[in-house]
Amino acid sequence: MIKLPIYLDNNATTPMDPRVLEAMIPYFTEKFGNAASRNHPFGWVAEEAVDYAREQISKLIGCTEKEIIFTSGATESNNLAIKGVFEMYQSKGNHIITLTTEHKAILDTCHHLEKQGAEITYLDVQADGMVDLAKLEAAITPKTILISIMYGNNEIGVVQHIKKISEIARKHGVLLHTDATQAVGKIPVNVETDGIDLMSFSGHKMYGPKGIGVLYVRRKNPRVKVTAQMDGGGHERGMRSGTLNVPGIVGLGKAAEIAMLDMEKDAVRLSALRDKLENALSTLEESYVNGNIGSRLPHTTNISFKYVEGEGLMMAMKDLAVSSGSACTSASLEPSYVLKSLGLNDDLAHSSIRFGLGRFTTDEEVDYAIEVTKTAVTKLREMSPLWEMFKEGIDLDSVEWAEH
Amino acid sequence: MAYSEKVIDHYNNPRNVGTLDKSKNTVGTGLVGAPECGDVMRLQIEVDENNVIQDAKFKTFGCGSAIASSSLATEWLKGKSIDQALEIDNMDIVEELALPPVKIHCSVLAEDAIKAAINDYRVKNGMAPVESEKSHH
Ligand SMILES: Cc1ncc(COP(=O)(O)O)c(C=O)c1O
Ligand code: FES
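Residue numbers (numbering that gives the first Met the number 0), protein chains in the order written: chain G, 0 to 403; chain U, 0 to 136.
Derived from the structure by calculation, the hints contain no laboratory data.
These figures come from a predicted structure and were not determined experimentally.
Incorrect hints may have been included.
SDA-like cross-link-like pairs, simulated, lysine to any residue; straight-line CA separation at most 25 Å [said to hold, decoys possible]: (1) U:Lys-5 with G:Leu-3; (2) U:Lys-23 with G:Glu-381; (3) U:Lys-5 with G:Pro-4; (4) G:Lys-317 with U:Pro-100; (5) G:Lys-378 with U:Lys-21; (6) G:Lys-373 with U:Glu-35; (7) G:Lys-317 with U:Lys-21; (8) U:Lys-21 with G:Ser-397; (9) G:Lys-91 with G:Ile-119.
My request is simple: use the sequences and hints to build the entire structure.
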């Protein structure tokens with residue numbers, strides 16, 4: 000028997016791997032020490048655990064232990080990276096380039112800096128979600144200090160050509176930050192071969208705990224520095240003060256170690272399951288897969304089912320936990336800005352569903368999801384005046400809508 | 000966000016989904032909303048010679064609350080005269096379905112659809128359209 004509801008929202012958060020929990024537990028109770036307590040064994044035990052986690056994490060992303068700054072999550076890492084670089088490199092320039100499809104933690108940070116004199120270029124992406132590299136290069140000015148481009152997109156799963164982007168950044172002496180929250184632990188990410196200077200990621204997107212994240216800050220070629228955004232005891236080489244979250248760090252370390260072992264296997268299995276889901280749902284008339292399907296995360300698909308509205312649709316898929324780019328699901332009542340950036344009409348953005356598979360998603364669950372989704376789309380289309388009009392051959396663009 | 004039981008009931012068992020023949024003089028059709036806004040509601044009434052609504056049908060592209068609001072509206076319309084139908088206020092729908100504040104616009108859409116259907120019927124039958132006394136938008 001299949002257990003309901005089925006969780007297909009792994010881009011929002013992942014369940015923690017039981018192996019991670021097991022590793023963490025002692026650090027809540029008997030090994031509770033403060034990693035900054037240098038004078039007694041309680042502190043040493045905690046510090047040792049933190050050092051070991053740094054080793055596990057640095058292996059996964061190809062850096063050295065000292066380049067890892069622990070934070071409370073990717074939101075904080077993104078804030079620290081962008082605000083920290085802006086403040087540290089102010090004498091060099093004030094221009095930052097990013098994308099319109101970035102996570103809010105990047106976009107809102109940039110908006111904040113604009114009020115403090117930063118100039119930000121928000122580059123549009125192409126219809127498949129990929130950056131136009133020529134456009135990126137053309138946007139660089141002598142004042143440009145930072146390019147911040149996400150690795151894998153949380154809504155559509157598109158993976159940017161980070162290596163090519165870093166070549167452009169290097170050529171112009173500009174730092175590259177990437178929000179790799181959706182990519183680390185899912186696909187191979189290596190700061191050396193990819194040429195990344197700063198990188199954010201988060202425990203809870205890679206089967207680790209919530210409330211712990213990393214900002215990778217390069218120490219050599221070039222040596223990068225960020226101005227601290229949290230002042231205090233000078234932890235994390237002065238870049239992020241605050242007593243270290245030892246159990247969280249141990250958990251993230253374990254999650255990284257498991258990713259080293261399981262990532263490839265997971266990716267092969269999940270991309271096959273994702274393709275199965277996508278192919279089955281593409282047999283429904285007027286369904287469209289959003290974003291580049293050649294360069295994307297293995298576990299994500301985002302599909303628009305034209306003539307049905309996403310929130311209404313999700314209600315009919317009540318045993319599936321998915322997410323929609325529809326306005327009606329968000330407090331702002333605006334459809335997904337990521338989908339709009341791809342040039343999707345609002346009506347297609349309103350009709351989108353994101354499926355995010357994960358390590359614990361089974362074959363049976365995907366089969367079930369296919370059936371539920373097909374039934375729901377069919378049911379809602381029978382109720383949709385737009386579907387009826389489409390079937391009658393009415394061009395919906397020619398209709399004069401009573402906008403409200 | 001959790002839906003009220005009544006919304007879920009209307010959503011799972013929508014009353015009066017369907018289409019009436021809009022070319023008939025006895026049928027009034029209201030089509031409101033826009034695909035770009037994520038909600039389009041079509042509400043139709045069939046009216047007898049005494050101006051009493053005999054049948055009502057809807058089709059809605061929108062969220063669960065919009066579907067429930069239109070389903071409820073069709074239930075309420077049947078048996079009412081077109082003048083009585085004009086009295087239906089969106090806040091009655093909000094109350095009946097226990098809609099949260101962010102979903103009030105779904106009920107506004109239903110009220111607009113009722114008015115549009117009645118006006119379509121009135122104009123078809125030589126009556127002046129009634130002005131909507133309040134503007135929601
Ligand atoms: C791409 C991306 N960046 C940043 C975040 C924020 O991460 P956190 O929850 O760790 O602050 C998320 C998660 O929603 C994300 O998907
Ligand atoms: S139709 Fe958009 S919230 Fe109801």
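Evaluation of the provided hints:
1. Restraint check for Lys-5 (chain U) and Leu-3 (chain G): the C-alpha separation of about 23 Å stays at or below 25 Å, so the hint holds.
2. Pair hint Lys-23 (chain U) plus Glu-381 (chain G) holds up; C-alpha atoms about 22 Å apart against a cutoff of 25 Å.
3. At most 25 Å may separate the alpha-carbon atoms for a hinted pair to count; Lys-5 (chain U) and Pro-4 (chain G) meet this at roughly 22 Å.
4. A hinted pair counts as satisfied when its Cα atoms are at most 25 Å apart, and Lys-317 (chain G) with Pro-100 (chain U) qualifies at roughly 22 Å.
5. With a CA separation close to 23 Å, the supplied pair Lys-378 (chain G) and Lys-21 (chain U) stays within the 25 Å bound.
6. Of the pairs offered as hints, the one joining Lys-373 (chain G) and Glu-35 (chain U) holds, with about 24 Å between alpha carbons and a cut-off of 25 Å not exceeded.
7. A distance of roughly 34 Å separates the Cα atoms of Lys-317 (chain G) and Lys-21 (chain U); the hinted pair therefore is violated under the 25 Å criterion.
8. Annotation: proposed proximity of Lys-21 (chain U) to Ser-397 (chain G) holds, straight-line Cα distance about 19 Å (limit 25 Å).
9. Taking the CA atoms of Lys-91 (chain G) and Ile-119 (chain G), the gap is near 15 Å; set against the 25 Å cutoff, the hint holds.
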